[in-house]
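Colleague: Chain residues, written in single-letter form:
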Amino acid sequence: MTKTVNNKAWFFVLPVFAIVAFSAVLPLMTVVNYSVQDTFGNNQFFWNGIGWFQELLDPSSQLGEQFLSSLMRTLLFSFIILLIEVPLGIAVALSMPREGWTVALCLVLMALPLLIPWNVVGTIWQVFARGDIGLLGWVVNRLGIDYNYTGDPLDAWVTIIVMDVWHWTSLVALLCYAGLKSIPDAYYQAARIDGASRWAVFRTIQLPKMRRVLLIAVLLRFMDSFMIYTEPFVLTGGGPGNATTFLSIDLVKLALGQFDLGKAAAMSLVYNLIILAICWVFYTVMTNVDAGRERVEA
Amino acid sequence: MTGTIAVGSSDVKSAARPTAANRALSGPRVSGRVVMMTLYLLFLMLPIYWLVNMSLKTNMEITSGLTLWPRDITFDNYVKIFTDESWYSGYINSLTYVIINTVLSISFALPAAYAFSRYRFLGDKHLFFWLLTNRMAPPAVFALPFFNLYSAIGLFDTPWAVALAHCLFNVPLAVWILEGFMSGVPREIDETAAIDGYSFPHFFVKIFMPLIASGIGVAAFFCFMFSWVELLLARTLTSVTAKPIAATMTRTVSAAGMDWGLLAAAGVLTIVPGALVIWFVRSYIAKGFALGRV
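If you're matching them up, the sequences are chains A and B in order.
Per my numbering, the first sequence starts with residue 510, numbered consecutively.
Per my numbering, the second sequence starts with residue 47, numbered consecutively.
Check each hint, because a few of them may be wrong.
Heads up, simulated BS3-like pairs for lysine-lysine below, C-alpha to C-alpha not over 27 Å straight-line [claimed, not checked]: (1) B/K289 with A/K718; (2) A/K690 with A/K718; (3) A/K762 with B/K171.
Below, a sample of chain B positions facing chain A; criterion: calculated Cβ distance under 7 Å [stated by the list, open to error]: (4) M83; (5) L85; (6) F121; (7) Y124; (8) V125; (9) V187; (10) P191; (11) L214; (12) A292.
Hints are computed from structural coordinates only; laboratory data are not their basis.
All residues carry an ideal CB built from backbone N, CA and C; glycine is no exception.
With the hints as extra help, turn the sequences into a complete structure.
Modeller: As structure tokens, this is what we get:
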């Protein structure tokens with residue numbers, strides 16, 4: 510669809526621009542401001558230049574080491590999450606019933622975890638995984654496996670990952686389902702006539718049609734898991750030790766816990782820049798896919 | 047006559063092959079799919095069941111041993127929440143800022159999404175990208191500056207502070223979803239309406255908005271959802287009078303130990319609004335999660 514050039518369209522966009530700028534630009538300027546200053550308290554600030562950034566990006570300093578290890582933990586977490594949730598989401602989407610009242614039922618039940626406040630998600634799993642009063646912890650312990658997510662780092666990781674799979678796989682599944690729904694029946698009929706195997710149908714019809722939504726799913730999941738805060742905070746509080754301290758937990762601890770404004774601000778900016786870089790890749794790939802599709806349709 | 051019969055029988059033959067192939071494809075698959083789906087839904091429902099189960103028990107029963115269902119059902123936990131003002135006001139506070147936020151986000155996003163879907167203008171792509179980056183900004187980054195900002199303008203501890211703060215990620219999201227739905231409406235409709243003498247506001251409200259009603263519903267659903275589930279900003283920007291339910295829940299830890307039953311009941315009640323909202327948009331939910339772009 511060709512769009513007409515009309516700069517008056519800015520008037521339509523202006524309210525959105527104003528409200529988002531109010532919420533985004535002003536706070537961001539505050540952060541930049543803090544990141545280059547130091548304080549001795551009493552609201553007296555002095556110029557610190559790039560000192561905080563140097564400390565943050567220098568792995569030999571205490572702050573730098575802390576930052577690097579939480580960054581690595583966060584990346585590892587995002588990676589594992591994607592590795593489990595994407596194939597599982599595709600499998601669930603393929604298992605959706607085709608028609609009848611079960612479709613609506615499955616959709617509603619699947620979407621339910623997505624609408625639970627994040628701290629309640631943490632609470633649910635905190636209770637569910639406990640060895641004494643939680644079903645999961647109790648059953649696992651009864652099976653003879655020593656499981657305690659508050660004491661053992663590996664158990665804590667497994668619990669957080671299972672929790673995230675529980676929480677977000679439905680998002681991937683719903684996206685894939687939307688992609689699958691857009692495939693015309695004629696494609697399947699053609700495949701049947703050719704005697705295509707189940708795998709061939711998946712490889713040559715379903716997967717290419719899901720490519721676009723999968724892209725959205727992968728990037729949304731990556732970014733949201735990269736920003737994860739509330740659920741692990743409620744479940745493990747970043748512990749045991751620092752085993753599950755992800756970047757955002759670290760950041761909030763610095764900013765609101767210790768009120769270490771300079772360090773927290775520098776960390777915010779670096780954190781934001783990483784997300785921004787990923788976001789740019791996302792946007793470029795998306796618009797390229799869009800352009801490619803328009804060219805094909807034209 | 048013989049000709050038609052021959053044609054008919056060959057039709058039957060060619061039809062028979064795909065049906066057989068079809069049966070071969072779907073025969074074992076049906077049961078596999080049902081098993082997969084059942085297992086997945088079971089996995090989703092078990093933790094929720096456990097929460098509901100706990101909310102109907104007394105603390106005595108919860109701590110004295112594992113029971114798969116409540117031995118003697120008690121509604122005391124729910125009664126306490128509905129009668130204690132410090133509890134139920136949490137729900138009212140949460141719903142207040144969520145609704146303000148949804149209304150604000152949608153009404154701001156509608157014209158902008160129209161502009162993005164219909165026109166090309168100076169800096170449109172950069173603006174769209176910049177909007178999206180805000181959807182992807184970690185709330186943890188904004189917690190402290192928001193606290194400063196809203197304290198400075200005197201909105202701290204009001205539902206407006208949280209509603210405005212949530213606009214940061216909900217407005218871009220609403221623009222994104224609505225733009226997807228609007229691009230699906232042919233431009234000819236706009237032009238025809240203009241030729242028929244409709245003024246633009248009249249056209250937009252009377253003709254265009256009903257056409258994308260499902261899109262508006264889905265966008266509202268998403269704004270509701272993301273505002274409802276977010277806690278970090280909501281908790282940072284409130285202290286007493288506008289405290290969200292999610293923050294109230296931390297009160298269950300007291301000197302006498304954890305009040306598990308009450309915590310579970312409060313948790314169950316936070317799931318209810320979401321479940322109600324999903325029911326209303328269930329037919330559009332899949333398309334909505336694909337941001338209107340399928």
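Colleague: Hints first: check each against the structure and report whether it holds.
Modeller: Results of checking the hints against the structure:
no. : hint               : verdict
1   : B/K289 with A/K718 : 45 Å, violated
2   : A/K690 with A/K718 : 10 Å, holds
3   : A/K762 with B/K171 : 36 Å, violated
4   : M83                : 4 Å, holds
5   : L85                : 9 Å, violated
6   : F121               : 19 Å, violated
7   : Y124               : 16 Å, violated
8   : V125               : 20 Å, violated
9   : V187               : 4 Å, holds
10  : P191               : 3 Å, holds
11  : L214               : 4 Å, holds
12  : A292               : 5 Å, holds
The structure shown violates the earlier hints numbered 1, 3, 5, 6, 7 and 8.
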